[in-house]
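Spelled out, the chains give:
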Amino acid sequence: MRGQKGEPLTTKSILHATNLVKRFGDAEAVKGISFDITQGESFGFLGPNGAGKTSTMRMLSARSQPTSGTLTVLGMDPRTQGPAIRARLGVVPQEDTLELDLSVRLNLEMYGRYFDLPRAVVRERATELLEFAQLSERANDKVDQLSGGMRRRLTIARALISRPDILILDEPTTGLDPQARHLLWERLYRLKRDGVTLIITTHYMDEAEHLCDRLVVMDKGSFVAEGAPRDLIATHASREVVELRFGLDDHSPWRDQLLPLAERVEVLPDRILLYVHDGDDTLQKLHARGIVPESALVRRSSLEDVFLRLTGRTLID
Amino acid sequence: MQFRQTWQGSVYSTLLFPLVYLGAMGLGVGHLVSAHTGLVEGQTYLHYIAPGLLATTALQLGESESLHPVLAGLKWERNYHAAVTTPLEPRDVLWGRLSWLATRGLFTGLVYAIIIGAFGAVQSWWGLTLPLVAALITVSTAAPLMAYAATCEDDTSFAYIYRFAVVPMFLFSATFYPLSAYPASVRPIVQLMPLYHGVALARAAAFGHGSLGAIAGHLTVLLAMVLMGLWWGQRTMTRRLVD
Numbered sequence: 001m002r003g004q005k006g007e008p009l010t011t012k013s014i015l016h017a018t019n020l021v022k023r024f025g026d027a028e029a030v031k032g033i034s035f036d037i038t039q040g041e042s043f044g045f046l047g048p049n050g051a052g053k054t055s056t057m058r059m060l061s062a063r064s065q066p067t068s069g070t071l072t073v074l075g076m077d078p079r080t081q082g083p084a085i086r087a088r089l090g091v092v093p094q095e096d097t098l099e100l101d102l103s104v105r106l107n108l109e110m111y112g113r114y115f116d117l118p119r120a121v122v123r124e125r126a127t128e129l130l131e132f133a134q135l136s137e138r139a140n141d142k143v144d145q146l147s148g149g150m151r152r153r154l155t156i157a158r159a160l161i162s163r164p165d166i167l168i169l170d171e172p173t174t175g176l177d178p179q180a181r182h183l184l185w186e187r188l189y190r191l192k193r194d195g196v197t198l199i200i201t202t203h204y205m206d207e208a209e210h211l212c213d214r215l216v217v218m219d220k221g222s223f224v225a226e227g228a229p230r231d232l233i234a235t236h237a238s239r240e241v242v243e244l245r246f247g248l249d250d251h252s253p254w255r256d257q258l259l260p261l262a263e264r265v266e267v268l269p270d271r272i273l274l275y276v277h278d279g280d281d282t283l284q285k286l287h288a289r290g291i292v293p294e295s296a297l298v299r300r301s302s303l304e305d306v307f308l309r310l311t312g313r314t315l316i317d
Numbered sequence: 001m002q003f004r005q006t007w008q009g010s011v012y013s014t015l016l017f018p019l020v021y022l023g024a025m026g027l028g029v030g031h032l033v034s035a036h037t038g039l040v041e042g043q044t045y046l047h048y049i050a051p052g053l054l055a056t057t058a059l060q061l062g063e064s065e066s067l068h069p070v071l072a073g074l075k076w077e078r079n080y081h082a083a084v085t086t087p088l089e090p091r092d093v094l095w096g097r098l099s100w101l102a103t104r105g106l107f108t109g110l111v112y113a114i115i116i117g118a119f120g121a122v123q124s125w126w127g128l129t130l131p132l133v134a135a136l137i138t139v140s141t142a143a144p145l146m147a148y149a150a151t152c153e154d155d156t157s158f159a160y161i162y163r164f165a166v167v168p169m170f171l172f173s174a175t176f177y178p179l180s181a182y183p184a185s186v187r188p189i190v191q192l193m194p195l196y197h198g199v200a201l202a203r204a205a206a207f208g209h210g211s212l213g214a215i216a217g218h219l220t221v222l223l224a225m226v227l228m229g230l231w232w233g234q235r236t237m238t239r240r241l242v243d
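Respectively, the protein sequence lines represent chains R and W.
Just so we're aligned: the first sequence equals residues 1 to 317 in my numbering.
Just so we're aligned: the second sequence equals residues 1 to 243 in my numbering.
Excised from the complex, chain R in its bound form (with noise of 0.2 Å):
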């Protein structure tokens, strides 16, 4: 799964928004986003709780009206032409919003006659999406009887009923245990495999470097960042991190003393963090001065060291 993110099939705009704004009463929760997906693309919006995220995938999706800016979605607006454009979204919301009382395929099947395909149409993809959720076995259990995974799975497997050109994903494994999480990747792996722009709100980290091809970082209302996995670990974060722990309730007194030896240093209440190029060659060079501490682990930077810097913790350059 990891390292094959290809280039998109084409390059085509699929999706464009210029200083996207959405205002409810006084409080801003979008203020003036612009970005652009392409077709194929997998794309992801990062950011802590309250960022802007689920109001900007309201959006996106034609339930939620901007107050400003332009939004064109499959060459069409959002505005006037709603039903027309949901018609070819696929949405997994936040929250499950399933029929519990109804069976696993009733679902499916009753989802599917509201983008008014014909019964035997439905049919027919409930069984193949049945398989592909692997809940082929539970289709006749109703959805009150499955786990969270099984519900996520399904919620999934709903959005696909239409075959939208555009699958958006509000937060889509929060909640689900590790085995849950990895099914959900490989399967959203397969459709971006099979050609549909994915586009995903998460706040785990390591989501976003699995599943997007580029990602913007959202806080409060606005973007911080944006680019490529990679790219942004190398514009934001050093190449490698070494935490160290003293064993103190208080490492601040050690601040001065580590400051020549990283491009940054990240004071915690429980460890230091250096951002530097080499670890290894770092951890000598403590030695060389004498500085022992409790423990020290060297590692690769990750997108979470981008996004705690971009969206907060305080920090000492």
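Please note that the accuracy of each hint is not assured.
To be verified - Here are the computed lysine-lysine pairs in the DSS-like style, where the Cα-Cα straight-line distance is at most 30 Å:
hint	chain 1	residue 1	chain 2	residue 2
1	R	K12	R	K31
2	R	K142	W	K75
3	W	K75	R	K220
4	R	K31	W	K75
5	R	K220	R	K31
Claimed, not checked - Residues on chain W that point at chain R, a partial pick, calculated with CB under 8 Å:
hint	residue
6	E77
7	R78
8	N79
9	H81
10	A82
11	A83
12	V84
13	T86
14	P87
15	E89
16	V242
17	D243
If you are wondering where the hints come from, they were derived from the structure by calculation, not from laboratory data.
Glycine residues also receive a C-beta, built at the ideal position from the N, C-alpha and C atoms.
Since the structure of chain R is provided, determine the placement of chain W on it from the hints.
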């Protein structure tokens, strides 16, 4: 677009309620009434109250299916939010549920018409319109209540609607005795109750009498409630589901 529902449970209550009620009120109280006052507006007491029970059940169907289930769709299970991710609009959700309830009202009315017919309370070919009358009562109750439910954040007020609107209407809408039994000063209040018009329509259909003007008046009230509910509901549903 129709909404599928689980329906098996409702069949039992639909069938059982009229039988128990007709038995208790019609035979029990009816015995007393006929002993003391004889016929009520030319009918035995059992026959007189039978169409009123049809109307009341249609009202209760409209009430019970448009408050909790609607708030569940909007807030608890949120399946209405799923519907508007498809080409459907909020008004389609409203219309879908109302047409489903109209169907159920029709079915309930049919079952009731057969039962009260078996007791001899359907005395005219107009009785064939009883299912339609029931559907109209159900929808005229459901449309405004759905619109209201879409403005609610919790269900505390729903119990009050039942206690202070549904039950008093059931008791006072000339269901169990004619309007003429009330003092003249109270009659306009009774006539303000939507169920009064539903009961009057059901009686007119079952017995095949009633002036055209009066029937047109009752129909107008119920249709106006449907229209008002639709107008209001499209606003509240839209506000709740899209923004």
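Tested hints:
A hinted pair counts as satisfied when its Cα atoms are at most 30 Å apart, and K12 of chain R with K31 of chain R qualifies at roughly 26 Å. Taking the CA atoms of K142 of chain R and K75 of chain W, the gap is near 20 Å; set against the 30 Å cutoff, the hint holds. The hinted pair formed by K75 of chain W and K220 of chain R meets the criterion: a straight-line CA distance of about 26 Å does not exceed 30 Å. Pair hint K31 of chain R plus K75 of chain W holds up; C-alpha atoms about 27 Å apart against a cutoff of 30 Å.
Taking the CA atoms of K220 of chain R and K31 of chain R, the gap is near 8 Å; set against the 30 Å cutoff, the hint holds. Interface hint status for E77 of chain W: upheld, as the beta-carbon distance to the closest one in chain R is roughly 6 Å, under 8 Å. Residue-level restraint check for R78 of chain W holds (minimum Cβ-Cβ distance to chain R is 4 Å; threshold 8 Å). With 8 Å as the threshold, the beta carbon of N79 of chain W comes within range of chain R, its nearest partner Cβ sitting at about 5 Å, so the hint holds.
Using the Cβ-Cβ criterion of 8 Å, the hint placing H81 of chain W at the interface with chain R is satisfied: the shortest such distance is roughly 5 Å. The beta carbon of A82 of chain W is positioned within 8 Å of a beta carbon in chain R (closest approach about 4 Å), and the interface hint is therefore held. About 6 Å separates the beta-carbon of A83 of chain W from the nearest beta-carbon of chain R, less than 8 Å, and the hint is met. Taken as an interface hint, V84 of chain W checks out: its beta carbon lies about 6 Å from the nearest beta carbon of chain R, inside 8 Å.
For T86 of chain W, the shortest C-beta to C-beta distance to chain R is roughly 4 Å, which falls under 8 Å, so the interface hint holds. The restraint placing P87 of chain W at the interface with chain R holds, with a minimum CB-CB distance near 4 Å, inside the 8 Å limit. A hinted interface residue such as E89 of chain W counts as satisfied when its beta carbon comes closer than 8 Å to some beta carbon of chain R; here the least separation is about 7 Å, so the hint holds. The closest approach between the C-beta of V242 of chain W and any C-beta of chain R is roughly 5 Å, which is under the 8 Å cut-off, so the hint is satisfied.
The closest approach between the C-beta of D243 of chain W and any C-beta of chain R is roughly 5 Å, which is under the 8 Å cut-off, so the hint is satisfied.
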